[in-house]
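Take a look at the letters that make up each chain.
Protein chains: 4
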Amino acid sequence: MNLKDVKNLARERMKGYCRVCKECNGVACAGEVPGMGGCGSGESFKRNYESLRNIKLVLKTIHDAKDPDTSVEIFKTKIDLPLITAPVTGSSINMGGYLTEQEYSDAAVMGSIKAGTIAMTGDSANPDFYIAGLNSIKKANGKGIAIIKPRENSKIIENIKKAEESGALAVGIDIDGAGLITMALNGQPVGPKTLEELKELTSSTNLPFIIKGIMCVEDAVLAVEAGASAIVVSNHGGRVLNNCLAPSDVLEDIAKEVKGKVTILADGNVREGADILKYIALGADAVLCARPIIWGAYGGYDDGVKLIIDNFKNELKQAMILTGCKDIKSIDKNKIVNLNKGIFNI
Amino acid sequence: MNLKDVKNLARERMKGYCRVCKECNGVACAGEVPGMGGCGSGESFKRNYESLRNIKLVLKTIHDAKDPDTSVEIFKTKIDLPLITAPVTGSSINMGGYLTEQEYSDAAVMGSIKAGTIAMTGDSANPDFYIAGLNSIKKANGKGIAIIKPRENSKIIENIKKAEESGALAVGIDIDGAGLITMALNGQPVGPKTLEELKELTSSTNLPFIIKGIMCVEDAVLAVEAGASAIVVSNHGGRVLNNCLAPSDVLEDIAKEVKGKVTILADGNVREGADILKYIALGADAVLCARPIIWGAYGGYDDGVKLIIDNFKNELKQAMILTGCKDIKSIDKNKIVNLNKGIFNI
Amino acid sequence: MNLKDVKNLARERMKGYCRVCKECNGVACAGEVPGMGGCGSGESFKRNYESLRNIKLVLKTIHDAKDPDTSVEIFKTKIDLPLITAPVTGSSINMGGYLTEQEYSDAAVMGSIKAGTIAMTGDSANPDFYIAGLNSIKKANGKGIAIIKPRENSKIIENIKKAEESGALAVGIDIDGAGLITMALNGQPVGPKTLEELKELTSSTNLPFIIKGIMCVEDAVLAVEAGASAIVVSNHGGRVLNNCLAPSDVLEDIAKEVKGKVTILADGNVREGADILKYIALGADAVLCARPIIWGAYGGYDDGVKLIIDNFKNELKQAMILTGCKDIKSIDKNKIVNLNKGIFNI
Amino acid sequence: MNLKDVKNLARERMKGYCRVCKECNGVACAGEVPGMGGCGSGESFKRNYESLRNIKLVLKTIHDAKDPDTSVEIFKTKIDLPLITAPVTGSSINMGGYLTEQEYSDAAVMGSIKAGTIAMTGDSANPDFYIAGLNSIKKANGKGIAIIKPRENSKIIENIKKAEESGALAVGIDIDGAGLITMALNGQPVGPKTLEELKELTSSTNLPFIIKGIMCVEDAVLAVEAGASAIVVSNHGGRVLNNCLAPSDVLEDIAKEVKGKVTILADGNVREGADILKYIALGADAVLCARPIIWGAYGGYDDGVKLIIDNFKNELKQAMILTGCKDIKSIDKNKIVNLNKGIFNI
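Residue numbers (my numbering), protein chains in the order written: chain X, 1 to 346; chain W, 1001 to 1346; chain S, 2001 to 2346; chain E, 3001 to 3346.
Incorrect hints may appear among the rest.
BS3-like cross-link-like pairs, simulated, lysine-lysine; straight-line CA separation at most 25 Å [unchecked claim]: (1) Lys333/X - Lys3341/E; (2) Lys2066/S - Lys2326/S; (3) Lys2066/S - Lys1155/W; (4) Lys341/X - Lys1333/W; (5) Lys3256/E - Lys333/X; (6) Lys3313/E - Lys3066/E.
Here are some chain S residues the structure puts well away from chain W; computed CB gaps all over 12 Å [as the list claims (entries may be wrong)]: (7) Glu2032; (8) Gly2035; (9) Leu2169.
One side of the interface only, derived from the structure: several residues of chain W facing chain X at Cβ under 7 Å [to be verified]: (10) Lys1056; (11) Leu1057; (12) Ile1062; (13) Asp1064; (14) Gln1318.
Please keep in mind that the hints were generated in silico from the structure rather than gathered at the bench. Computed from a predicted structure; not experimentally measured. Glycine included, each C-beta is placed from N, C-alpha and C at the ideal position.
Can you make the complete structure from the sequences, with help from the hints?
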């Protein structure tokens, strides 16, 4: 089984839910929510692609970073590369249903561990899906992170307790799910949170608490004040609000403000190793990855996921060699040029 | 009847006059005047689309705007959302004629009221069309606004009187119709107006007077001086002058100058709730909407129009939740980033 | 015979030499020299299109310019609109040969006069073509301008004398033809000129002398010093040097330097009335037009040319009404926004 | 045999390995490594094309540069134009194998000499290919340059000695090959070099030493410090690292720092004579050319290569005439406008 096989199988098994395009740019699947696309005219997904593509690497060949170390420590856990599997649910509704929800979450969690990293599991209008994720984390002896939809606080706290029981490394909410149509359609209200509500959540557990869906400096500062251990700069893959900015448009300003005070994760169109390097250079501590992991799971279960992540690791290493970064903390702004900003000096 | 049905029916009934494209961007219908397109090579319509698309929303999730109020008061009338149906005529010449002129204007006026807002009715080379609009306003007990082409002042004043008789809330002229080819072809001259001529019009009635077709600061200032109650920043959907700027290119500068002195309406490519939010953030008090209303009317008469507007309301509410706006007056420049300007700070 | 018929006939008669595309943007015909395209990869033609399209008009509706005067005086001759037919030769080699060279130049010269303006005639590797142009000018009692290729000075002066004999209003050289492949292939060397050589040319005649093919400030200043009466800002329709700037990229800077000292003509992708307004706003006194005139001639001889020019006149008038310009000298920088420059204030 | 024939034959003989597209822009062949494309999604190749296309020439027609001299002296060798054939290997793996490796390198070396310039030969995972190149150089009595992959220093020095024995004019390494997948796959490790390692290489030979693959100012300065005679600003045709900047993005800054201290060669998407002029204007002393040379070799062996280079020479001369450059050292920044920088003054 190689990468090409996995992608071909995934394409076949996803029956058009995802076309596994040559360029995963949000064009073919625009509007497919449920499904794999961006919502509305798909402009947020497309901007995620476009903005990240406009960030260019500075090739560098004279240095001694011949065998870079790609590992990082996140939530006191060493992982082999700064990439964590993103929380994804809805195998039937979004991906075509070739895998059951449990099969999908097992593949994501186990494949990630096999590849030397960890996965987040998700929540959904169907509460069974959250349980499926916890089941996978339990099987992995707690090596996983449970992400809960921004439901009423009492419901979230209930779910946090279940995550603690499963031994999860960390918990959190994907507050960017506040506008998810599928949740509302199923009578399970979600919404934004106030600072006070967030404080109640972070103080309800001893686990590191993650707030996913931060897209402006003001919210990043509030997340820190609320006691979050980590934020995820994410617009939910362009699936909740059409026409918004990309994570790579806002990450640099956010990092300028909160770097060091909170773990910064970035999520959006990570499709190759160089994308990880770009997000780290913009200020992230690690990235999340969703769609390629789905291809891995659909194309080859946990081994498919491992293959996908191993490939990211190789590509990242190669990109680090060719930009002169001997380890992740050596990756800084000098390694990239942001053409989105229009002006550049090398 | 749902939105998809309405659009499909509209596409069928409009027989190619409008293709109801996935992206309504002015490409397929370029040059189709009469018809639904922009004039000439369609560049003004295309720029309207492009400029608005380049204005991005700032996703915000930590706040207490959980149930935003979308209502506003315009011309002392409370409407459920800051969207007014634009004046449109020519059901046969522009839309294919499945609806009679009277059916179209009834659908627009009644559907708008059913959805909690109001419609403007229009004027045309065929003077019967203006009467059709007034008929609809009468049926609605005056809940509507009559917009008159920029004919000779005496002719306009005559039409204003008729509008007063129909009980209309307000009247106005779409001065951007000054170059309409279809009017000239029918021997009904239209043209620009001097300040003095505008003063004569505004002082001829006690109704609020609207000047539609303001695209530069200088004209906005003159409109205020002429005694207008409202201006509409509009290039007539790109149908009168090829190659001109988009409303979203000029709105911010205009609002800087006249906001508060006059009601500012914006008109151009409003296709989803987020577009309303963008125009409000740039300085508008409300927007006009034309082509989607036509789809509603052609796809389902007044109920189709209501469905279209209700959908805008839901989308706007969702966009307000995800940008943290508890009411319309909370929507300001911090909610958007204008990529047309090339530089941005979040 | 209407505009559509003329274009359709032209398309048919040009047998693919020109496709008379919906958008005349240099894409379909890239590399077709001989033919109607830009040379090489066609980038200069494409840039001409793109740069001009990025210049936008400021719609203005409150003013008294209800019946603008489009006329100007050029070379002491009043013309009905600031558009002169560009010098074009090679009916067989470039256009497919449906018209003989003499038929083409007659149509261009006579059609222009019928429409209230004048034409330039051209020169070519085949010296008969220059004579054909002079024949047309003679038939028109001298109402035309003879443009000569940048041959050796002695040869040019010989041709100037012939033009004088034909009674031409003015003469000149299209110095941008310095790199024409077709000339070199036929053993008729052309080339750039020094200041001294230009002085010899301007002082050899009492007629106004035009230098066509000025694309930088330095050359514009030299042209004035050489005694030219007029310059044409032109890159020869993108047909001599691939990858160069567009006339609309350089015109403003050139006008800043030499406006008033010399008549400034602009040449490049004039396809509708608004394009004339744009070039005037950037600093031109009038424009040249080539490809549409060819369509007119091929589609309807002199009457086709007249139809094309009359249409330009109507469109220009309309554009002047909608931008508030009562005459050509009222057209200034405030009427346009140049998006090529990236920043704008209305 | 003419240029068109050569390209058609090449297209046929390369059996899809290269489509010899109308525009060689990296789109059709994206990801084809091995093959002729850029690696990954091909973004680096595409950026090379796009960045260079955005650099425009300033057409100039009033001057005395009527018969420009295109020759330069590089490595104390006078060549007829500032273009050197780039090192390329892998006729079977990358080009389809119609030519044997020896046939390809003979065509490149001999064709270049026939056209008045010289070629670089390359190195590969298959060590025989390096020998093939040296064979060609030997046949040419040493008129060629041997470029070695960035292997271990001892291996490079061994190869330098062989190059000296073949009489090569100069030697070097293509350090941008540090990440070549094909090398790693064949167990022949390559990598970046430290300053000390480079010093060891430059001091191991009396031949001029070239470092190919410099893409930032810092590396350019280090190359000078290491004792290099020349650098090549190159991203290996976009074949080693996806998403990096183009040579034309970085050349100007590099030249500002090291011009005069080291010979600067530029490599990337040279497809016509004007491209040479652009790179020289940005600061290069000469350019390398790869893909068109391959078309020449595949379409017509050494005569095909000569035809390609002769055409470059003619086009360069033409571009120099039309920009007013009487010799290569007259080509400076005033001859171009870099639209990548967004602002321009002529």
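These are the hints, each one checked on the structure:
1. A hinted pair counts as satisfied when its Cα atoms are at most 25 Å apart, and Lys333/X with Lys3341/E qualifies at roughly 20 Å.
2. A hinted pair counts as satisfied when its Cα atoms are at most 25 Å apart, and Lys2066/S with Lys2326/S qualifies at roughly 7 Å.
3. About 17 Å separates the Cα atoms of Lys2066/S and Lys1155/W, which keeps this hinted pair within 25 Å; it holds.
4. The suggested pairing of Lys341/X with Lys1333/W holds, with an alpha-carbon distance near 20 Å, which does not exceed 25 Å.
5. Only pairs whose Cα atoms come within 25 Å are accepted, and Lys3256/E paired with Lys333/X is accepted, the gap being roughly 22 Å.
6. For a cut-off of 25 Å, the pair hint linking Lys3313/E to Lys3066/E stands: about 15 Å separates their Cα positions.
7. With a closest Cβ-Cβ approach of about 22 Å to chain W, Glu2032/S is found to remain outside the 12 Å limit, as its non-interface label requires.
8. The Cβ of Gly2035/S sits about 23 Å from the closest Cβ of chain W, beyond the 12 Å cut-off, so the non-interface label holds.
9. Once the 12 Å rule is applied to beta carbons, Leu2169/S is consistent with being away from chain W; the minimum gap is 32 Å.
10. Against a cut-off of 7 Å between C-beta atoms, the interface hint on Lys1056/W holds, since the closest Cβ of chain X lies about 5 Å away.
11. Hint status for Leu1057/W relative to chain X: holds, with the closest Cβ pair at about 4 Å, below 7 Å.
12. Satisfaction of the interface hint for Ile1062/W is found here, the shortest Cβ-Cβ separation to chain X being roughly 5 Å, below the 7 Å cut-off.
13. Interface hint status for Asp1064/W: upheld, as the beta-carbon distance to the closest one in chain X is roughly 5 Å, under 7 Å.
14. Satisfaction of the interface hint for Gln1318/W is found here, the shortest Cβ-Cβ separation to chain X being roughly 5 Å, below the 7 Å cut-off.
When the structure is compared with the earlier hints, no violation turns up for any of them.
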